[in-house]
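Student: Residues per chain, in single letters:
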Amino acid sequence: MRRYLVRKLITYVLAFFVGVSIDWGIPHLMPGDPIQNLLSRFDLDSASYAALYKSFAQSFGLNVPLWQQYLDFWKGVVTGNMGISIWDAPAKVTTLVFGAMPYTLALLVPAIAASYVLGNRLGAAAARRKVLDNTVLPLGYVFQAIPYPWLALVVPYLLGVVWHVFPTAGAYSETLLPAWNWTFIASLLDHWFLPFLTVFLVSLGGWSIGMRNLVIYELENDSSRYLRALGARERVVRRYAYRNASLPQLLGLALALGVVIGGNIVTEIAFHYPGLGYLIFNAIENNDYFLLQGIFIFIVMGVLIANFIIDLVFITVDPRTRLSMQGATA
Amino acid sequence: MRPTKSATSRRWRATRYGGAAVAVLALATASACSSSSSSSSSSSTSTTSPSPSASTSSSPASSGSVTSFPRNETLYTSGTAYAPPSNWNPLDVGNFATGTQGLIYEPLNLYNPITGAYMPWLATDTPSTGWQGNTYVIDVRSGVTWSNGTPLTGADVAYSINLAVSNASDPYSANVATVAKATANGNTVTVTFKGTPGYAEFTDYLWKAPVLPEAVWSKLPASQIATAANTSPVGTGPMSLDTYNSQEVAYQTRSGWWATSALGLSFKFKYLVDVVNGSNNEELGQLTADNIDWSNNFLPGINNLLGNLGGSSVYGLKTYYSAAPYMLSGNTVWLEPNTSIAPMNNVNFRRALAYALDPSAIAQAVYGGIAKAASPTGLLPNLDSFVNQSVVSQYAATYNPAEAKTLLASSGYHGQTLTLQVPQGWSDWMQATTVIQSELSAVGINVSLIYPQASARTANLTNGTYDLALDNNAGLDSTPWSYFQRVYELPISKQQTAQLNWERFSSPSDWALVQEAGTVSPTDTTKLDSIYSSLEKDFLQQQPEIPLWYNGIWFQGNTGYWENFPSSTGTDQYIPAMWGGYIGAMTTVYALANLEPNPKAP
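Protein sequence lines, in the order shown, are assigned to chains A and B.
If you're matching positions, the first sequence starts at 1 in our numbering and goes up one per residue.
If you're matching positions, the second sequence starts at 1 in our numbering and goes up one per residue.
Keep in mind the hints are simulated off the structure, nothing from the lab.
Among these hints, one or two may not hold up.
[What the hints assert, rightly or not] Okay, derived cross-link-like pairs now, SDA-like style, lysine to any residue, Cα gap no bigger than 25 angstroms in a straight line:
no.: 1; chain 1: B; residue 1: Lys270; chain 2: A; residue 2: Asn181
no.: 2; chain 1: A; residue 1: Lys92; chain 2: B; residue 2: Ala454
no.: 3; chain 1: B; residue 1: Lys494; chain 2: A; residue 2: Phe42
no.: 4; chain 1: A; residue 1: Lys54; chain 2: B; residue 2: Thr231
no.: 5; chain 1: A; residue 1: Lys92; chain 2: B; residue 2: Tyr244
no.: 6; chain 1: B; residue 1: Lys219; chain 2: A; residue 2: Ala47
no.: 7; chain 1: B; residue 1: Lys527; chain 2: B; residue 2: Leu513
no.: 8; chain 1: A; residue 1: Lys54; chain 2: B; residue 2: Trp217
no.: 9; chain 1: B; residue 1: Lys494; chain 2: A; residue 2: Asp45
no.: 10; chain 1: B; residue 1: Lys194; chain 2: A; residue 2: Ala47
no.: 11; chain 1: B; residue 1: Lys270; chain 2: B; residue 2: Gln252
Excised from the complex, chain B in its bound form (with noise of 0.2 angstroms):
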C-alpha cells in the first residue's frame, strides 16, 4: 500500500473511531453500569485509534488472502446482490453469487446490445457462421483453460448442451429443445437438431447459457445439477473465488485468463468485491462516500447529482448517457390487464386503457427522467431495426383521453372498480400506480390499488386472479421472439407458471407466426420481417399488454478511484451491467476490462 494512502486513511479512520470512543466512553460513564461490552468496547476502540490500518497483516489461518481489500486495487460493485452470497452453481440462474455467470462460467457468444452484433467468446465463431444449414457448428476457442488448469475442450461444450438436452432442471433446456444431440471432434461441436432447428432459441443459448466442465457437473446426481450450492468453482472466466461473508462476496482475479493473449483484455483491479444490497437511500450513501465504484442501483433522482457544478459532478459519478435519459432500457415495463374476465377480456376496453395513459408523462412522473417511455409496441430501443414504423403509425393507441372515453362507452365497463397491484416496497411502481390511477379516473375507469407481498403478487399472477397488474417480464434479448413468447405463448394453463402469457390473452393465429419465427433461419429477414410486422400489428390492435416504459439498465460509476466507465461516447459502449443474465451474456465483461484506475485517487 502506497504511504500516502495509507496515512490519510488512519486519519480519517481515528476521526471517526474517536468519535465512537468519545461517545462508547460518555455512556458508559454515565451508566456506570455492569454492561463489560461497553466498557471493554471503549478500551479496545481507543487502542485501536492509533494502530495503523492493516491490510498488510495477513491472517495465519486463512491460506494466502487478506483481511482487508487494498482499496486502489479493489473495484466495489453493488446492486446485484439481495441475499448473502451461498452459491456458485451458473445453472441456478435465479440465486447464483453475482459474478457466477461471465467472471467464473462464460458462454460461448456475447451479445452486443448497443451494436445488435453477436461476438466471439469461448467460441471463434458467431451465429453469423455457425449455421451450416440445420446443422449448427461451434468452433471452441482453443488455449481456454479452466481455473484447475485444465484445458476447456469440444466435449465440455458438447457436455453442457446435452445435458440440457437430456435433463429438464437445466434452465436451459427449453433453448435446445430441438437439439438431437452435440458431438465433439476435437475442439469442433457438431450440433444436430430434430427436424427444423429452433434457430431463435437456440442462439440464445449460445450467448446466454454456462460452458459447464464435464469432470465437475457428470459427478453430480441427476436432480441437483441445478441446486447445488457449487461452492468451489471452476471456470475459465478471468476471475476466482476469493471469499465470501454475509455482506460481500469477493473475487479475485486470476492470471492465464484466455482473453489477455486472445483479445487483449485484463483487469486492472485485483479484487472484485461485491456487495449485498441495503435500502436504495444506503446505497446512495456508499456510493457518494468513495464506498462503492460500480452501482447498479436504483436510486432515484440521481440524475440531480450529476454535472450540475458546470458539467463536472461534484460526487465524480458517471451514468452512461450523460444527460436524459441517463440509463440504458433494461426491460418494458407495460400494464398487465387479465383478459379471461370481463370487462379485460374486450379489445375496446384494453384499448381505452391504452388511449388513456400517457407514457410519458407516467415515465417523467415517477423517474424524473432516468427511464424512457415505452413505444407502442414496447420492443426496447436496440431491436428498433425489427419495428415496421408504418404499422405503429397506423395502428398505435397513442395518448388520447377522448377517444378513450369513445371506446369505453362499448366496452363492456360499468364503472366497477378494478384493481390494480405491485408488490409491496417497489417504491417507483407504486409511485406510478398513482399517476396511472389518476389518468384512468380521468376517463371514467375507476381503479383501486393494492400492495400484495411479493410472493403473494407472484402467485396472483400465476393463478390469474387479478384485474390489472404491472409487470416486466420481456427482458433485453437480441430478437423480439422471446417478447411475443411472452405476450402469446399457448396453452393457457390454470397456472402459468412459467412467466409467459401472464396476461392470458388467447390469440392461436399469433401463436403459430411466434413459433414459425422461432424456426425461420436468421439469414431469412424478408420473412422475419413480414411475420414481426403481422405480430407488431396485432399487438397494436388488440393491446394484449399496453406498454408503458423502460425499467433502465440502471448505473452509476464512481470516478473515485477507478475511470472509463461504459458511456455512449467513444470506445466506451458496453453494458454496464453486474445483473445476472447480462454480465457473462452481453459486454460487462469488456467494460471491466475497460477500467483504469485513476491516477488522482487518494
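Pulled out of the complex, with its shape left as it was, chain A reads as follows (with noise of 0.2 angstroms):
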C-alpha cells in the first residue's frame, strides 16, 4: 500500500513538473505580442509608445529574458502569485481566477454529477427494457450527436427571448450587487439553470449511451452466467452487472471532473457566465500569458488531484486493484 502510494506521488510530482513547465511555454507561442496589443488601444506617438512599453513590461515582469521569466513563474506557483493580468490590467491574476471559479464549480460539478447519475441509471435501465431501449437509447444519441454551440443557441432562444422564462446572460440580474440575500441568491439560479440545463443535457446522453452498453456487457459474461446458473436471483445479477460496469464510468467521471476547474468555454460565452472558461477565451484573445497560466495551473493540479483521488477511490471500489496490492507488498 505505501509503496503503492510512494510510486503514485512521484508520478504525480513529475507530472506536475512537466505541466506547469508546458503550462509556461504553450502561451508564449501564440502569436503576437501582447504589450503591442494591448497599446494599440492607447492613441501614443513614437516616444510614448516606448516608453509605455517599458512601463507595462517591468509591471508584468516581461522586461527580463526567458529563463528569469521561467524562475520567476515557478516562484510564482511556489508562492501563489501569478502576477497581473494583461487583458484586465492590472488585477491581479488570482483575484480574477478565484472570483471566477465559483461560478464554474457551480455550474459543472452538479451538470456532471446530475448527468451521471441520471445518465447511468437510464442506461443501466435500457440495458434491462426493450421499450426503454427503443426510446431512450436514440434520444441518447440525439442529445449526445447535438453540437454543443448549436443547443447553447437554441434553448436560450426559445426559453429566454420566445417564452422569457430564463434570463440568458451574466451569472445574475444587473440590477442586483453581490450579497448574501436571498433576492440575490433567486438571481443566481434563475441565471444559473440555462447553462446547467444545456451541459447537463449533452452529457446525459454520453453517460446513458455508454452505461447501456456496458451493462448489456456485464449481463451476459461468463461471470454473470455463472451467477445465474448457481440460481441467483435476476435482481442480483442485475446489480453485480451495475456494479462492474459502473467501474469505467467512474473513471471517466474523475477525468470530468478533473477537467471542469479549466470551465466551458463554449457554455460560458454563449450564456455570458464570468467563469473560467470566459477568462480563458479572453486571455487567448488578448494574449495574456499570466492569465492564461493561471487558469492552467489549476487545471493541471484539478486533473492530477482528481485521478489521484480516484485512484484512491479504485482501491476500494475494485477488489482486483486492492488484491493486486497486496499481492505487490506481500
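Mind docking these for me? Both chains are given alone in their own frames, and the hints should help you get the complex.
Tutor: Right, here's the structure in full:
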C-alpha cells in the first residue's frame, strides 16, 4: 500500500513539473505581442509608445530574459503569486481566477454529477427493458450528437428570448450587487439554470449510452452466467453487473471532474457566464500569458488531484486493485 | 422605492423564479440524485419567490452602499467595457473603467464636434482666447473641489502638464512635446513653449487630457503613473466610484460638483452602472428588455426596430438621427495597402483599388443604412469646413470599374493573389471583406481573405507583414491634423508601433506639410486652409489609403426609464458615447445631465 502510494506520488510530482513547464511555455508560442496589442488601444506617438511599453513590460515582469521569466513563474507557483492580468490590467490573476472559479464549479459540478447519476440509471434501465432501449437510447444518441454550440443557441433563444422564462446572459441580474441575501441567490439560480441545463443535456446522452452498452456486456459475460447458474435471482445478477459496469464510468467521471476547473468555454461564452472558460477565452484573445498560465495551473492540479482521488477510490471499489496491491506488498 | 414599482417587479420576478423553481424541482425529482446543490436550490428558490425584492435591505458590511440599485434612479449603460473593471487610472487610456475620464477626471476644455467649438470646462477660457503669442494662458475655474474636499488649484493643472512634459510614460507626452513648462500663479497657469508651439497637439491636450490631483499622483513612482490601478480615485467630476464587480462598475452622483452651480448641469439619476459587454445579441436582448438605458453597442439592423409602428418604436428606442444614417460618424475605416511592397507601392494600383471600390455599396451591404460611406478624403463630416471641395471634385477617384481596369494595365499587377485581413470575430468587417473581394474581383484583382486573431493582426500591421487590411486608426478630432499625421508620419521604422503610417507610405514633402500645419496658429486660417488643401490633393492623387466608410458613434437610447436622449433635433445635440476619448472630451456629460426620468416609467 505504502509503496503503491509513494510510486503514485512520484509520478504525480513529475507530471506536475512537466505540466507547469508546458503551461509556462505554451502561451508564449501564441502569435502577437501582448503589450503591443494592449498599447494598440492607446493613441500614442513613438516616444510615448517606447516609454509605456517599458512601463508595462516592467509591471508584467516581461522585461527580463526568458529563463528568468521561467524561474519567476516557478517562484509564483510556489508562493501563489501568478502575476497580473494583461487583458484586465492591473487585476491580479489569482483574484480573477478565484473570482471566476465558484461560478464554474457551481455550474459544472452539479451538471456533471446530475447527468452522471441520471445517465447511468437510464442507461442501465435501457439495457434491461426493450421499451426503454427503444426510446432512451435514440434520445441519448440525439443529445450526444447535438453540436453543443447549436444547443447553446437554441435553448436560450426559446426559453429566454421567445418565452421569457429564463435570463440568457450573466451570472445574476444587472440590477443587483453580489450579497448574501435571498434576492441575489434567487437571481444567481435563475441565471444558472439555462447554462446548467444545456451542459446537463449533452452529458446525459453520453453517460447513458456508455452505461447501457457496459451493462449489456456485463449481463452476458461468463461471471453473470455463472451467477445465474448458481441460482441467483436476476435482481442480484443485475446489481453485480451494474457495479462492474460502473468502473469505467467512474474513471470517465474522474476525468470529467478533473477538467471542470478549466471551465466550459463555449457555455460560458454563450451565456456570458463569468467563469474560468470565459477568462480563458479572453486571455487567448488578448495574449494574456499570465491569466492563461494561472488558469492552466489549476487545470493541471485539478486533473492530478482528481486522478489521485480516483486511484484511492478504485482501491476501495475495485477488489482487483486491492488484491494486486496486496500481491505487490506481500 | 415606489410601491407600484415594487409590486410589478415582484410579480415579474415571481413568475420567472417560479419557472426556475418548477424546472429545478422537476429535475431534482426526475434524477433523484445526490446532487445537494440541486435540491437546496429548489428549496431556496421556493422560499424566495414570495419574498419582496430587497433593495432597501442594506448589507451591514458595505459602508452605507446598497445591495441593488433602485431602477428608477439608475442609468444603465453598455457598449464600452470588454473586461471586468479594475482600473481608474485616467492615464491608462487603453484599460481604464468606463467613465474614469469624464465622470471622475475631467479635462480643461471640451470639444463639440457638432458645432466645431471648444467649450470651457475646468478652464474658463478656450483655445480661441487662451493663446497669447507664443504662450498659452489657462484660467483655472475657481470653486472646483476634488472629491476628497480639497480645492482644485492652478498647481494641479501645472503639475498635470509638467508631468506629461517630464515623463514619457504619460500617454499625453506627445501633446506637450513643444512645451517648456507650465507655471501656476493662483488660478492662472502660464504655459511656455520651446520655440514655436505645436498648436495642433497642445490644443488636443486641452480637451483630451485629464487634470490630475497633484497630491495623489506626486506620490506614485515615475514608472507607475500610467499603470497604477488607482482604485480609490479622487476626481473633480460629477460622480464618484461606488462599487464594482466582474459584471459592472457603478458610480454615484456626487453632490457639490462644480458644474451644477457654474453651468446649471446636474444628473437626475443617482447611480450610473456600466455593464461589461457580452455579445451584440445579448446586449440587444438586454436593451429591448429595458435592462439597459444607454447602449453604445454596435447592433446591426437596429434601424429596423425604430419607428416602425406609425413613428413610435415598439421598444421605445432612440438613435441620434431618426432616419439614415441614424448614427453620428466616429472614425474612418479605410482599406490599407502595404505601400512598401509591390504592387501596392504603385500609385496606379492604389488608384485602381479606389476606382474599383464603391463605398456606398459596401456601407449599405454591411450596415444596411446605419453607417455612412466615407468621402474621398476620408475626413469625418465634422471637418467638412477644412475640405477643399474643388480639389475633391477634380482629383477624387470615385467608383468607376472601367477606369480601374485601365489603370490596372499599368500598375505592375500581374494577377497574383493578395491577402486582405481583418481581425477574427469583427463580424461587420468580415462581411465587408467579402463585398470588397467581389468588387475587386470584378476588375481582375484577386484577393484572398484571412482573419487572424486581433493581436496577431496588430502584429502584422505593425511589422508590415500584410498586403491589404481594413483599419480605423483615425478617430474623431477637432482638426484634420491627426488624420494626416496618421497617413504621413515619418520616419518609417521596422516596427510601426505607434499606429501612425501603418501603410508605410513615404512622402517627405507631405510629412513636412503636416509638421508645418501643426505649428501654424489656429487663427491663421488662410495658411491652414492652403496646407490642408495641398494635403487633400496629394492624398487623392497618391491614394496612400482608400477611405471606405465611417464607423458610427453607435448609440441606442431606451426611453423606458429615461428620456431626452441626445438627438439631432432641438437642444439635445450632444455626443452620445460613453467610450474612452468621447466622454470626458466631448459633450457626453452634457447629454447625461440632459436626461430626465420618464414619468411613465413602471
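Student: Hint by hint, note whether the structure agrees.
Tutor: Structure-based check of each hint:
1. B:Lys270 x A:Asn181: holds, 23 angstroms
2. A:Lys92 x B:Ala454: holds, 23 angstroms
3. B:Lys494 x A:Phe42: Answer holds: Lys494 (chain B) to Phe42 (chain A) is near 20 angstroms, not above 25 angstroms.
4. A:Lys54 x B:Thr231: holds, 23 angstroms
5. A:Lys92 x B:Tyr244: holds, 15 angstroms
6. B:Lys219 x A:Ala47: Roughly 24 angstroms separates the two Cα atoms, so the pair holds.
7. B:Lys527 x B:Leu513: holds, 11 angstroms
8. A:Lys54 x B:Trp217: holds, 19 angstroms
9. B:Lys494 x A:Asp45: The hint holds at about 15 angstroms.
10. B:Lys194 x A:Ala47: The hint holds at about 18 angstroms.
11. B:Lys270 x B:Gln252: holds, 6 angstroms
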